[in-house]
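So the sequence lines, in the order shown, correspond to chains A and B.
Number 108 in numbering that gives the first Met the number 0 belongs to position 109 of the first sequence; there are no gaps in the numbering.
Number 183 in numbering that gives the first Met the number 0 belongs to position 184 of the second sequence; there are no gaps in the numbering.
Don't read these hints as lab results, they were simulated from the structure.
Just so you know, even glycine gets a beta-carbon here, dropped at the ideal spot from N, CA and C.
A hint or two may mislead.
[What the hints assert, rightly or not] Here are the simulated EDC-like pairs of lysine to aspartate or glutamate, each with C-alpha atoms no more than 16 angstroms apart in a straight line:
#1 Lys101(A) - Asp109(B)
#2 Lys9(B) - Glu41(B)
#3 Lys83(A) - Glu193(B)
#4 Lys9(B) - Glu36(B)
#5 Lys101(A) - Glu36(B)
#6 Lys163(B) - Glu193(B)
#7 Lys214(B) - Asp155(B)
#8 Lys214(B) - Glu145(B)
#9 Lys214(B) - Asp157(B)
[Stated by the list, open to error] Among chain B residues calculated to face chain A with C-beta under 8 angstroms, some are:
#10 Thr52
#11 His89
#12 Asp109
#13 Ile111
#14 Ile168
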Amino acid sequence: MVGCGRVGSAVALELDRIGWDVTAVDQNEDALQRLGDRWNGAFVVGHGMDVGVLQKAGIEEADAVVVATNGDNTNLVIGQVAQKQFDIETTIVRVLDPARAKVYSSLGLRTISPTSTAIEFLTDAVRSAGPAEAQS
Amino acid sequence: MYILIAGGGKIGANLTRSVLALGHEVTVIEQRRDRFERLAGEFEHRVQLGDATELFVLDRAGIARPPDLVVAVTGDDEDNIVICQMAREHFGVEKVIARVNDPRNQPLFDLIGISPTISATSIILAMIEHEVPEHGLIHLLQLRKENLEIVEVQLDADSPSVGKPVSRINLPAGARLITVMRDGQAHMAEGETELRAGDQVLAVLEPGKEAELRKVLLSKADR
Numbered sequence: 000m001v002g003c004g005r006v007g008s009a010v011a012l013e014l015d016r017i018g019w020d021v022t023a024v025d026q027n028e029d030a031l032q033r034l035g036d037r038w039n040g041a042f043v044v045g046h047g048m049d050v051g052v053l054q055k056a057g058i059e060e061a062d063a064v065v066v067a068t069n070g071d072n073t074n075l076v077i078g079q080v081a082q083k084q085f086d087i088e089t090t091i092v093r094v095l096d097p098a099r100a101k102v103y104s105s106l107g108l109r110t111i112s113p114t115s116t117a118i119e120f121l122t123d124a125v126r127s128a129g130p131a132e133a134q135s
Numbered sequence: 000m001y002i003l004i005a006g007g008g009k010i011g012a013n014l015t016r017s018v019l020a021l022g023h024e025v026t027v028i029e030q031r032r033d034r035f036e037r038l039a040g041e042f043e044h045r046v047q048l049g050d051a052t053e054l055f056v057l058d059r060a061g062i063a064r065p066p067d068l069v070v071a072v073t074g075d076d077e078d079n080i081v082i083c084q085m086a087r088e089h090f091g092v093e094k095v096i097a098r099v100n101d102p103r104n105q106p107l108f109d110l111i112g113i114s115p116t117i118s119a120t121s122i123i124l125a126m127i128e129h130e131v132p133e134h135g136l137i138h139l140l141q142l143r144k145e146n147l148e149i150v151e152v153q154l155d156a157d158s159p160s161v162g163k164p165v166s167r168i169n170l171p172a173g174a175r176l177i178t179v180m181r182d183g184q185a186h187m188a189e190g191e192t193e194l195r196a197g198d199q200v201l202a203v204l205e206p207g208k209e210a211e212l213r214k215v216l217l218s219k220a221d222r
């Protein structure tokens with residue numbers, strides 16, 4: 000799990016809970032606090048663009064890599080390192096910008112854009128609550 | 000030629016001025032408002048405000064034409080990689096040039112296939128190496144695509160190869176001597192050429208073979 004912010008830490012905790020062997024990576028040492036007392040996994044302090052840090056986190060033996068740092072472009076680069084250099088088939092990259100997520104998905108990277116999901120949910124919520132004449 | 004420059008800092012601004020003087024059509028994208036306003040004062044409509052990794056910003060700057068050349072010189076290496084990759088792989092731009100800010104990121108540009116790259120730090124470092132002969136082995140040229148590099152080695156009297164002809168030097172696989180510079184004269188490194196103390200030897204080798212080459216050509220103190 001590269002990037003241990005609000006999203007990354009929650010994903011790491013949930014995977015840890017259901018039995019995955021998880022290592023979280025974050026350049027900020029304080030991110031470990033987000034994982035709390037129930038955390039059984041490992042934690043590596045360092046920047047995900049540093050291949051040495053990824054190796055220290057055990058990327059060579061990883062079955063899956065999730066990239067969710069707070070920078071879209073950083074995530075796109077790290078995701079490609081996992082995919083191209085370490086051949087991790089299950090590489091999933093969080094990209095906030097829906098347009099960039101689409102471009103990279105067409106280039107063969109598995110991207111998830113929470114922004115797109117939010118847009119759909121919000122639009123649907125308004126549509127279902129709105130006046131009948133606006134629905135057609 | 001239509002050139003799109005991403006990043007209007009010192010490098011981007013000077014580059015814009017220079018290519019305009021050569022008569023090219025240029026658009027420069029800068030995301031910081033203070034810089035944008037300064038640039039717009041000089042380059043007028045040729046400057047666009049925005050993040051050059053956002054598609055609508057690239058669109059506005061005419062990425063769909065597409066430009067003949069995209070130059071990414073922002074201060075962020077990940078941004079430069081993404082700009083060049085989208086330009087080439089998504090918009091069909093044929094030529095890209097990227098700036099590498101932190102030389103430790105060079106392998107990432109290579110992995111993703113962004114080339115050519117320019118790094119001021121690496122260029123200055125190469126010059127320092129050239130000025131400091133005690134390093135023994137100087138990198139002269141890297142041929143990344145060919146996976147070869149050319150180095151210069153200064154032989155001193157302690158070198159284990161001094162007094163031997165080239166044919167009897169046990170060079171590592173993937174390394175060849177090219178020429179021997181002696182008294183300001185270059186000689187081809189033939190099998191019978193005998194190496195002497197003070198010679199400057201040019202060698203071509205695969206990256207990563209430097210340590211083995213040092214062992215064969217340099218005295219213990221220089222290794």
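When the least beta-carbon distance from Ile111(B) to chain A is tested against 8 angstroms, hint result: Given a least distance of 6 angstroms, the restraint on Ile111(B) holds.
Is the straight-line distance between the alpha-carbon of Lys101(A) and that of Glu36(B) 16 angstroms or less? Given pair Lys101(A), Glu36(B) is violated - Cα atoms ~32 angstroms apart, limit 16 angstroms.
With chain A as the partner, please determine if Asp109(B) meets the hint condition of a C-beta pair closer than 8 angstroms. Nearest chain A Cβ about 10 angstroms off; hint violated.
Double-check Thr52(B) for me: the hint is only fine if its C-beta lies closer than 8 angstroms to a C-beta in chain A. holds, 6 angstroms
Hint check: Lys9(B) vs Glu41(B), CA-CA at most 16 angstroms. Holds or violated? Given pair Lys9(B), Glu41(B) holds - Cα atoms ~14 angstroms apart, limit 16 angstroms.
With chain A as the partner, please determine if His89(B) meets the hint condition of a C-beta pair closer than 8 angstroms. holds, 5 angstroms
Between Lys9(B) and Glu36(B), does the CA-CA distance stay at or below 16 angstroms? Between Lys9(B) and Glu36(B) the Cα gap is close to 14 angstroms, so the pair holds against 16 angstroms.
Please work out if Lys214(B) and Asp157(B) have their alpha carbons no farther apart than 16 angstroms. With a Cα-Cα distance of about 12 angstroms, the restraint between Lys214(B) and Asp157(B) holds, given a limit of 16 angstroms.
Is the hinted pair Lys214(B) and Asp155(B) satisfied, with a Cα-Cα distance of at most 16 angstroms? Holds, because 13 angstroms separates the two Cα atoms, which is no more than 16 angstroms.
So if I understand the rule, the pair passes when the alpha-carbon distance is 16 angstroms or less; does Lys214(B) with Glu145(B) pass? Outside the cut-off at roughly 24 angstroms; violated.
Distance restraint between Lys83(A) and Glu193(B), which requires alpha-carbon spacing of 16 angstroms or less: Violated, at about 46 angstroms.
Quickly compare the C-alpha distance for Lys163(B) and Glu193(B) to 16 angstroms and report which way the hint goes. At roughly 5 angstroms apart (the allowed maximum being 16 angstroms), Glu193(B) and Lys163(B) satisfy the hint.
Hint compliance for this structure: hints 1, 3, 5, 8, 12 and 14 are not met, and every other hint is.
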